[in-house]
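Trainee: Residues per chain, in single letters:
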Amino acid sequence: MKRTKHIQSSRRSRVVQDIISAVLILYSLITVFLVGDTVLSSFKTKSELIKNLIGFPQSPTLHNYATVFLEESFWRYILNSGLLVFTSLLFLLIVASMIAYGMAQYSFRGKGFLRGYLLLGLMMPVQLSILPLYLMMSKVNLTNNMWGLAIVYAANLSFSFVVFYRFFQEISVSIIESARIDGAHDLRIFGEIIIPISKPVFATIGLLQFIMIWNDFFLPMVFLTHKGSQTLTLAIYSYTDNFIKNWDKIFAAVTVALIPILIVYFLFSEQIISGLMAGSTKE
Amino acid sequence: MKKPTLNRAGSTNRSYLYFILPGLVLYSVFVIIPILCSIYYSVFEWSGIGPMKFVGLKNFEYLLFGDRMSNVFFNALGNNFKYLACVLLIITPLQIFLAYMLFIKIRFSRYIRTMLFLPYVLSTSIVGFFALLVFDGNIGVMNYIIKNLLGNQYTQAWLGDTRLMFGLFVGIIFWQAMAAGMMIFYADMQSTSQDIIEASVVDGCGELRRFFSIILPNMRASMTTNLTLSVIFAMTMFGQAYVIFGPSGGVDNKLDFIAMVFYRYAFGGTYYGTTDIGFGSAISVAMLIIILALWFLTETIIKHVRE
Chain A
7 MKRTKHIQSS RRSRVVQDII SAVLILYSLI TVFLVGDTVL SSFKTKSELI
57 KNLIGFPQSP TLHNYATVFL EESFWRYILN SGLLVFTSLL FLLIVASMIA
107 YGMAQYSFRG KGFLRGYLLL GLMMPVQLSI LPLYLMMSKV NLTNNMWGLA
157 IVYAANLSFS FVVFYRFFQE ISVSIIESAR IDGAHDLRIF GEIIIPISKP
207 VFATIGLLQF IMIWNDFFLP MVFLTHKGSQ TLTLAIYSYT DNFIKNWDKI
257 FAAVTVALIP ILIVYFLFSE QIISGLMAGS TKE
Chain G
657 MKKPTLNRAG STNRSYLYFI LPGLVLYSVF VIIPILCSIY YSVFEWSGIG
707 PMKFVGLKNF EYLLFGDRMS NVFFNALGNN FKYLACVLLI ITPLQIFLAY
757 MLFIKIRFSR YIRTMLFLPY VLSTSIVGFF ALLVFDGNIG VMNYIIKNLL
807 GNQYTQAWLG DTRLMFGLFV GIIFWQAMAA GMMIFYADMQ STSQDIIEAS
857 VVDGCGELRR FFSIILPNMR ASMTTNLTLS VIFAMTMFGQ AYVIFGPSGG
907 VDNKLDFIAM VFYRYAFGGT YYGTTDIGFG SAISVAMLII ILALWFLTET
957 IIKHVRE
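Which chain is which? The protein sequence lines are A and G, in order.
Just so you know, the first sequence maps onto residues 7 to 289 in the numbering used here.
Just so you know, the second sequence maps onto residues 657 to 963 in the numbering used here.
Don't take every hint at face value.
What the hints assert, rightly or not - One side only, chain A facing chain G, incomplete, derived with CB under 8 angstroms:
| hint | residue |
| --- | --- |
| 1 | N221 |
| 2 | G234 |
| 3 | Q236 |
| 4 | F274 |
| 5 | M283 |
Stated by the list, open to error - Keeping only pairs whose Cα atoms sit at most 30 angstroms apart, straight-line, the calculated BS3-like set for lysine-lysine is:
| hint | chain 1 | residue 1 | chain 2 | residue 2 |
| --- | --- | --- | --- | --- |
| 6 | A | K145 | G | K738 |
| 7 | G | K803 | A | K52 |
| 8 | G | K803 | A | K255 |
| 9 | A | K57 | A | K205 |
| 10 | A | K57 | G | K714 |
| 11 | A | K145 | G | K714 |
| 12 | G | K714 | A | K117 |
| 13 | G | K959 | A | K251 |
Stated by the list, open to error - Using C-beta positions, here's what the derived DEER-type ranges look like:
| hint | chain 1 | residue 1 | chain 2 | residue 2 | range |
| --- | --- | --- | --- | --- | --- |
| 14 | A | P206 | G | Y810 | 48 to 58 angstroms |
| 15 | A | E276 | G | S684 | 53 to 63 angstroms |
| 16 | G | W951 | A | H191 | 11 to 21 angstroms |
| 17 | G | I746 | A | V38 | 40 to 50 angstroms |
| 18 | G | R876 | A | S65 | 27 to 37 angstroms |
| 19 | A | K251 | G | S849 | 56 to 66 angstroms |
| 20 | A | I56 | G | F737 | 34 to 44 angstroms |
| 21 | A | I181 | G | F764 | 53 to 63 angstroms |
Simulated from the structure, these hints should not be mistaken for lab results.
Beta carbons are placed, not taken as given, at the ideal position from N, Cα and C, and that holds for glycine.
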């Protein structure tokens, strides 16, 4: 990214800018408050919540976490979410990187058409395919099943394709051709030379899709109707659906779901933001 | 400029197929074919099992003119458009403004950018939880504070108040998703030629003039991207409204959207009468037609502005 040279400003506009800064910092406290209050409240009992909703817990207790993990088997949802994200990412990264590489490094007839065909997925609302997809999956018993959903995520490769494609176009053919002279098969070249030098783009796409799949609500809601196969997002939804009844437990549940995402975000926020930009801006 | 590729013209090397086929098959089977199926199903009456009965455009006719249906559909569609209008008139200008603030590097830009973007990585159900935490009529933070500071009589129903709920919803979505579009604008501003900006500084061009006569006219690429994304986002609105207001959009269906109508008819099953695959597909096809029409409209407008 290019660094913008500092633009000279008059003193008056500097003051205006500082006021805007201050307003935005105040605005950011909304987020700080929401996260902070959720974490703090997860250590309060139900009776304390009524008297003390926005303060520090007076007698911190792990009771809510015990209920959520032991009685409501939250470990199960965490496991489901984790496995779903892991398998989906594995499929998606392999399939999307290969097709993007094939398109970027080879020329063949119909390539332009194929590119447009692959980009269609960016515009199509998920509602348009979900009904036939559901019928299809239930026919082969892949609903309520992590594998079925992982395949669907891997098939929705348009966004990842765009980012991979841009990256692979930059790779010089000469690297590959010299490996070819040594007699290596094209697939082996991809696995042993291309993937290692492309780690950053794999990491970026992996990160973005991790967030997307971990957070996804619609597809799991349609495909995972049995309680035992549900993800963390769905479990939290079922708490919010009956908000007053689950009031005490929900803070602990949300905290559990929130912390991993926040850690990932604060560690990699630059990469996440610039990766999203890479997939959405046109040249 | 044409880039050299691995197989020269006339070569018979077909190893590109190894790379392309797995993805192509997966994408075709699980993304494209279902779309075609939806379009096909939309002209049938079919419950998902048993025989399919061809009904022509009857499903669409019922959607648009059906006794109870047309009210539901047009109410939802109206909400989609109302939301889109809010995005274009309120959210987009704010995104451009905030992007410009980051571009000129106001104090604490880095912190502000990180914090503005944070809610974007939270899941729909967590955002829904936050909305309830703040605005729930019985136990929400807003009423808790009002009760303790001003007294009981000033508390509001918030999300259950027909005058407030739409505005609150737009605010919630703004909080969650605004930063993505903002960053797209920001990236585009950064690609503005540095020379032009420096020349304008030398010429003593003011902050405001610089923005309107140099930065803004150079943002066509991000405008196009953001407009397209906004249209798709607004027309497929589902998760947040579903989680916060329930499956039919809360009091008076004020926040019912087409995607929710679709979900009720396609998957609602016992709650909302029989599941009708044909009719559900017709709703999703209607969504597609509306999106394509709007997309075409925005493309035409952008081309017009360019000339």
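Trainee: Against each hint, give a clear statement of whether it holds in the structure.
Mentor: Comparing the hints with the structure gives:
With a cut of 8 angstroms, the hint placing N221 (chain A) at the interface with chain G holds, because the nearest CB-to-CB distance is about 3 angstroms. A least Cβ separation of about 18 angstroms between G234 (chain A) and chain G goes past the 8 angstroms threshold, and the interface hint is therefore violated. Interface restraint check: Q236 (chain A) against chain G, minimum CB-CB distance 11 angstroms, threshold 8 angstroms, status violated. Because the closest C-beta pair between F274 (chain A) and chain G is about 10 angstroms apart, greater than 8 angstroms, the hint is violated.
Taken as an interface hint, M283 (chain A) checks out: its beta carbon lies about 5 angstroms from the nearest beta carbon of chain G, inside 8 angstroms. Restraint check: the Cα-Cα separation between K145 (chain A) and K738 (chain G) comes to about 39 angstroms, which exceeds 30 angstroms; the hinted pair is violated. Proximity of K803 (chain G) to K52 (chain A) is assessed by CA-CA distance (about 19 angstroms); at most 30 angstroms being required, the pair is judged to hold. As the CA atoms of K803 (chain G) and K255 (chain A) are separated by approximately 24 angstroms, the hinted pair is consistent with the 30 angstroms bound.
Using a Cα cut-off of 30 angstroms, the hinted pair K57 (chain A) and K205 (chain A) is violated, with the two alpha carbons roughly 51 angstroms apart. A distance of roughly 57 angstroms separates the Cα atoms of K57 (chain A) and K714 (chain G); the hinted pair therefore is violated under the 30 angstroms criterion. Only pairs whose Cα atoms come within 30 angstroms are accepted, and K145 (chain A) paired with K714 (chain G) is accepted, the gap being roughly 28 angstroms. Distance check on the hinted pair: K714 (chain G) and K117 (chain A) sit about 39 angstroms apart at the alpha-carbon level, beyond 30 angstroms; violated.
In summary, the hint linking K959 (chain G) to K251 (chain A) is not supported, as the alpha carbons are separated by about 54 angstroms, beyond the 30 angstroms threshold. At about 54 angstroms, the CB distance of P206 (chain A) to Y810 (chain G) agrees with the hint of 48 to 58 angstroms. About 35 angstroms separates the C-beta atoms of E276 (chain A) and S684 (chain G), a value inconsistent with the hinted range of 53 to 63 angstroms. About 43 angstroms separates the C-beta atoms of W951 (chain G) and H191 (chain A), a value inconsistent with the hinted range of 11 to 21 angstroms.
Separation of I746 (chain G) from V38 (chain A) is about 24 angstroms and departs from the stated range, judged on CB atoms against 40 to 50 angstroms. Remark: the range hint 27 to 37 angstroms for R876 (chain G) to S65 (chain A) is contradicted by a beta-carbon distance near 59 angstroms. At roughly 59 angstroms, the beta-carbon separation of K251 (chain A) and S849 (chain G) lies within the given 56 to 66 angstroms, and the hint holds. Taking 34 to 44 angstroms as the suggested C-beta distance range, the pair I56 (chain A) and F737 (chain G) conforms, at roughly 41 angstroms.
Roughly 43 angstroms separates the CB atoms of I181 (chain A) and F764 (chain G), a value that falls outside the hinted 53 to 63 angstroms.
Violation of the numbered hints given earlier is confined to hints 2, 3, 4, 6, 9, 10, 12, 13, 15, 16, 17, 18, 21; the remaining hints are satisfied by the structure.
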